[in-house]
Amino acid sequence: MSIHIDAPIEQPAVGAGPAPRRGRLSGGSAIELFGIPILVVVGFLLYVWWRQTATLDSIEASSLDWSEVRLEVWQHLKLTVVASLVVVAIAVPLGVLLTRPRLRFLAPAVVGVANAGQAAPSIGLIVLLFMWLSGWSGFWVAILALALYGILPVLRNTITGLQGVDPTLVEAGRGLGYSGGSVLLRVELPLALPVIMAGIRTSLVLVVGTAALATFINAGGMGGMITAGITLYRYPVMVAGAVLIALLALLVEWVGRVLELLVRPKGI
Amino acid sequence: MTTMESTDKQQHTVSGAEITLDGVSKIYRGQQAPAVDNISLTVPAGEIVMFVGPSGCGKTTTLKMINRLIEPTSGTISIGGENIRAKKVDELRRTIGYVIQGGSLFPHMSVAKNISIVPKLLGWNTSRVKDRVDELLDLVGLDAAKYRDRYPRELSGGQQQRVGVARGLAADPPVILMDEPFGAVDPITRQRLQDELLSIQRELHKTIVCVTHDIDEAIKLGDRVLILQEGAHVAQYDTPEVVLSSPANDFAQDFVGAGSSLKRLSLARIADLELKTPTTAKVGDSTAQVRSRAEANGDGSVIVLDDRNRPLGWPWLRQLTGEKIVQPSGDLINLDSRATLNDALDTMLVSGHGGAVVTGDRDAYLGVIDFKTVTDFIEEMQREAETETKAAPAAGSDEHPASRISIAPTDEELDGGREG
Amino acid sequence: MWDFVVDRREQLLINAWNHAYLVILAVLFATVIAVVLAVVVTRLPKVEPVANAVSAAGLTIPSFALIGLLLPVTGLGDVTALVAVTFYAVLPILRNAIVGLQGVEPGLVESARGMGMSEPMTLLRIKLPLAWPVILSGIRVSLQMSMGVAAIAAYVLGPGLGAWIFQGLTQVGGKNAVNYALSATIGIVLLALILDLALLLVGRLTTSKGVRV
Numbered sequence: 002m003s004i005h006i007d008a009p010i011e012q013p014a015v016g017a018g019p020a021p022r023r024g025r026l027s028g029g030s031a032i033e034l035f036g037i038p039i040l041v042v043v044g045f046l047l048y049v050w051w052r053q054t055a056t057l058d059s060i061e062a063s064s065l066d067w068s069e070v071r072l073e074v075w076q077h078l079k080l081t082v083v084a085s086l087v088v089v090a091i092a093v094p095l096g097v098l099l100t101r102p103r104l105r106f107l108a109p110a111v112v113g114v115a116n117a118g119q120a121a122p123s124i125g126l127i128v129l130l131f132m133w134l135s136g137w138s139g140f141w142v143a144i145l146a147l148a149l150y151g152i153l154p155v156l157r158n159t160i161t162g163l164q165g166v167d168p169t170l171v172e173a174g175r176g177l178g179y180s181g182g183s184v185l186l187r188v189e190l191p192l193a194l195p196v197i198m199a200g201i202r203t204s205l206v207l208v209v210g211t212a213a214l215a216t217f218i219n220a221g222g223m224g225g226m227i228t229a230g231i232t233l234y235r236y237p238v239m240v241a242g243a244v245l246i247a248l249l250a251l252l253v254e255w256v257g258r259v260l261e262l263l264v265r266p267k268g269i
Numbered sequence: 039m040t041t042m043e044s045t046d047k048q049q050h051t052v053s054g055a056e057i058t059l060d061g062v063s064k065i066y067r068g069q070q071a072p073a074v075d076n077i078s079l080t081v082p083a084g085e086i087v088m089f090v091g092p093s094g095c096g097k098t099t100t101l102k103m104i105n106r107l108i109e110p111t112s113g114t115i116s117i118g119g120e121n122i123r124a125k126k127v128d129e130l131r132r133t134i135g136y137v138i139q140g141g142s143l144f145p146h147m148s149v150a151k152n153i154s155i156v157p158k159l160l161g162w163n164t165s166r167v168k169d170r171v172d173e174l175l176d177l178v179g180l181d182a183a184k185y186r187d188r189y190p191r192e193l194s195g196g197q198q199q200r201v202g203v204a205r206g207l208a209a210d211p212p213v214i215l216m217d218e219p220f221g222a223v224d225p226i227t228r229q230r231l232q233d234e235l236l237s238i239q240r241e242l243h244k245t246i247v248c249v250t251h252d253i254d255e256a257i258k259l260g261d262r263v264l265i266l267q268e269g270a271h272v273a274q275y276d277t278p279e280v281v282l283s284s285p286a287n288d289f290a291q292d293f294v295g296a297g298s299s300l301k302r303l304s305l306a307r308i309a310d311l312e313l314k315t316p317t318t319a320k321v322g323d324s325t326a327q328v329r330s331r332a333e334a335n336g337d338g339s340v341i342v343l344d345d346r347n348r349p350l351g352w353p354w355l356r357q358l359t360g361e362k363i364v365q366p367s368g369d370l371i372n373l374d375s376r377a378t379l380n381d382a383l384d385t386m387l388v389s390g391h392g393g394a395v396v397t398g399d400r401d402a403y404l405g406v407i408d409f410k411t412v413t414d415f416i417e418e419m420q421r422e423a424e425t426e427t428k429a430a431p432a433a434g435s436d437e438h439p440a441s442r443i444s445i446a447p448t449d450e451e452l453d454g455g456r457e458g
Numbered sequence: 002m003w004d005f006v007v008d009r010r011e012q013l014l015i016n017a018w019n020h021a022y023l024v025i026l027a028v029l030f031a032t033v034i035a036v037v038l039a040v041v042v043t044r045l046p047k048v049e050p051v052a053n054a055v056s057a058a059g060l061t062i063p064s065f066a067l068i069g070l071l072l073p074v075t076g077l078g079d080v081t082a083l084v085a086v087t088f089y090a091v092l093p094i095l096r097n098a099i100v101g102l103q104g105v106e107p108g109l110v111e112s113a114r115g116m117g118m119s120e121p122m123t124l125l126r127i128k129l130p131l132a133w134p135v136i137l138s139g140i141r142v143s144l145q146m147s148m149g150v151a152a153i154a155a156y157v158l159g160p161g162l163g164a165w166i167f168q169g170l171t172q173v174g175g176k177n178a179v180n181y182a183l184s185a186t187i188g189i190v191l192l193a194l195i196l197d198l199a200l201l202l203v204g205r206l207t208t209s210k211g212v213r214v
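Chains as they are written, first to last, in the numbering used here: chain A, 2 to 269; chain B, 39 to 458; chain C, 2 to 214.
Quick caveat, the hints were computed from the structure, so don't treat them as lab data.
If you're wondering where the values come from, they're calculated on a predicted model, not measured in any experiment.
Heads up, some of the hints might be wrong.
Just so you have them, the derived chain C footprint on chain B, three or more residues with Cβ under 8 angstroms [unchecked claim]: (1) 185 to 194; (2) 371 to 382.
Here are the computed lysine-lysine pairs in the DSS-like style, where the Cα-Cα straight-line distance is at most 30 angstroms [what the hints assert, rightly or not]: (3) Lys-314(B) x Lys-410(B); (4) Lys-125(B) x Lys-102(B); (5) Lys-168(B) x Lys-158(B); (6) Lys-158(B) x Lys-47(C); (7) Lys-410(B) x Lys-320(B); (8) Lys-158(B) x Lys-126(B); (9) Lys-184(B) x Lys-125(B); (10) Lys-126(B) x Lys-102(B); (11) Lys-102(B) x Lys-158(B); (12) Lys-168(B) x Lys-210(C); (13) Lys-47(C) x Lys-102(B); (14) Lys-210(C) x Lys-184(B).
A short, non-exhaustive set of chain C residues, derived as facing chain A with CB atoms under 7 angstroms [what the hints assert, rightly or not]: (15) Val-179; (16) Ala-182; (17) Thr-186.
Yeah, the Cβ is synthetic: ideal placement off N, Cα and C, and Gly gets one too.
Using the sequences and the hints, build the whole thing.
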């Protein structure tokens, strides 16, 4: 599940080809912006209709009981949100540090390590952390694993975004008498924000998908419906779980997209 | 100069084919006004016809209808009397050379591969293709051994354009279409490429249709110039001399621009002037003998030629050291005999000799043109122009010829263009 | 750990081989599918935003969810694993193939057509070779991503190293649990590196010197 969303576009180091034309992608973006919520709502309504009309045996009915589903959705969202907050709290300051003149030289090494870490399979990482941190609750192990997974895109984009700020603007800021900190807050971060937000969206999608694996270490989440369906040989449960996770993931991605648009400074 | 051209044509068999357009129109989908509106035209076999006009006048559309990259809405086009729709489109195109701006070489193919595309499509065998590639590289003034395996990005802009021309000529097509072929290079390189095209044409006599937006280029290269206005309406279709001396209407007059009598400077070719013949030497000649010959002729410098009679350098006598004449270091900019006097002035100004070496077919040495010959000729033309002006006042006649002289920026062409 | 690996080296190698085999096969299929789709998409400009939207949405769907959706159709085992891995592998390649094909300069295509190359010939000899470096970088991303998806597919009895991760999970607390999970995880990372290097090499061999970066 180590899905590199937008990887060809946000990983310029990998690509050898011409830069994709942003303008061309905007047509797709419009479809995604309006199409995805419609898709999610329609999908969810279909699920509700099916749930109300299908004849389910007792095992299926209990697995897909509304309170059970609500709990799993709630757990899944909690995992996603907490892990994403941890990611932002770590990756953005780290990215800022790694673009300061004194620490700049460390940036390639750190990004390199993070890149290599991304090659580790998510399921392996979660299972291993669970075994090593036997004293921790499943929830926090899952948070740690998800956060480790989600850091790279935000870190990379924070560094890229800050490096992309026109140095003359920074100089102009200093010339106006801003301190280094004020220049960072008032000039650099606002200008880098779109790029950072794109990283956060990528990370959100990674985290919401990987959270489906939390069920393997008893940390809850919607993966439970799929594993229950498989172990109980109940296809309806499994498919329902899969559809609901997919819908949630699409929704979370959409929220990320909307956030990205909302925080984009006017004039960029 | 017309006499010279006609003798030229008698000496060579014309390999081009006549192109006729009959009532050809093109209306793009969703547009009201036709891009090309009922154009009829004959391009004589073996001539260069320049399509010139402002952007959007339909000249490129007209060109591309000849190789069916654009299909006409109505009308017929024939080449050599045969309707172009009679053949399969890909087969038709393989018999028409196509050269576009910048050469448009395929970056993932070597120079040789680029040139051999059409011959291979036509099923030529490997050794014939290989020989043809070398022959063409030689024809466009590139050393085959040095350049055939290079990739386009390893060439300068001018070299890429030369390969583009070679590619267009590859399968010896009777007709060649060119779309702004020299638009992407600097002025000095452009001038040399134009000269080379003229020299190649003197040898091959293809039918060449070339689109340009530059009236000076049109006048220099064209046997005929077609001035187009909006909708590809023909404003004038005639020889450069007539286009300059009597524009058919206001549009043609405006397009040709002010000072048309002076523009005729660019009609005068070096071939019209008398060339000087200073002392020459071959690589390998005895230095002492060459020196004494030069002193006997009263020359301070000699022109060194290679074994195929191509000029290599123009050293001063004091630069001749050693027992035998060796290939001079530093490069020489030659002028083709079809180059215009404008070109000659440009080239002389960057030469240290107050003159320029003139070459003919395949860069063979013809002689030297000096500054005085050119200025005398200009003065004579100026006098003619003035008498003409008195008869019928034309704008811009007060412009001094010197204002036409400009030094164009140089590039790697100066030292890299003519190696080998 | 070392003794554990040495004792089970045969099984480990078989699993690694199967993992690599699954991923390579899936990426090969995906490359063909993605390039064909990209060729279609770039010829129909109206479809392109839809294709981009679908590929973005596709990447959003968690692989575990997709596996759940596939199971009723393809059952437990290799087929589900192959289909799931291929599905994800298509998306980055598709995206890059579209960008790559669109990046081919129109003048070059016109030149090719003007010289009398047929349309399929232009595609095979001009467009695809020029887009290849971009497509290749998409394949590299796909390959890395597929390693992880293949590991998850082991839960539904797909082949490869993922099986040991789940075996470790079922034996939690047992003496070899960590060994199973750790050797499989490290094995996948190593395999990812090896295949990436191999792909770089293939890329070098299949990319013309004239367009190599």
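Now for the hints, and whether the structure bears them out:
1. Given as covered by chain C, the segment 185 to 194 of chain B passes the check, having 3 residues with a CB less than 8 angstroms from a CB of that chain where 3 are the minimum.
2. Counting residues of the segment 371 to 382 of chain B whose CB lies closer than 8 angstroms to any CB of chain C gives 0, which falls below the minimum of 3, so the coverage claim is violated.
3. Of the pairs offered as hints, the one joining Lys-314(B) and Lys-410(B) holds, with about 11 angstroms between alpha carbons and a cut-off of 30 angstroms not exceeded.
4. Restraint check for Lys-125(B) and Lys-102(B): the C-alpha separation of about 16 angstroms stays at or below 30 angstroms, so the hint holds.
5. Restraint check for Lys-168(B) and Lys-158(B): satisfied, since their Cα atoms lie roughly 10 angstroms apart, inside the 30 angstroms limit.
6. Restraint check: the Cα-Cα separation between Lys-158(B) and Lys-47(C) comes to about 36 angstroms, which exceeds 30 angstroms; the hinted pair is violated.
7. For the given pair, Lys-410(B) sits about 27 angstroms from Lys-320(B) by alpha-carbon distance, which is consistent with the 30 angstroms threshold.
8. Taking the CA atoms of Lys-158(B) and Lys-126(B), the gap is near 18 angstroms; set against the 30 angstroms cutoff, the hint holds.
9. Under the criterion of a C-alpha separation no larger than 30 angstroms, the hint pairing Lys-184(B) with Lys-125(B) is inconsistent with the structure, at around 38 angstroms.
10. Distance hint between Lys-126(B) and Lys-102(B) is fulfilled; the C-alpha atoms sit about 16 angstroms from each other, no more than 30 angstroms.
11. Taking the CA atoms of Lys-102(B) and Lys-158(B), the gap is about 23 angstroms. The hint holds against a cut of 30 angstroms.
12. Proposed proximity of Lys-168(B) and Lys-210(C) is supported: the alpha carbons are some 20 angstroms apart, at most 30 angstroms.
13. A threshold of 30 angstroms between alpha carbons decides the hint, and for Lys-47(C) with Lys-102(B) the separation of about 26 angstroms falls inside it, so the pair holds.
14. A C-alpha spacing of about 17 angstroms is found between Lys-210(C) and Lys-184(B), which places the hinted pair at or below 30 angstroms, so the restraint holds.
15. Taken as an interface hint, Val-179(C) checks out: its beta carbon lies about 5 angstroms from the nearest beta carbon of chain A, inside 7 angstroms.
16. Interface hint at Ala-182(C): satisfied, since its Cβ lies 5 angstroms from the closest Cβ of chain A, which is below the 7 angstroms cut-off.
17. Restraint check, Thr-186(C) versus chain A: the minimum CB separation of about 3 angstroms is within 7 angstroms; hint holds.
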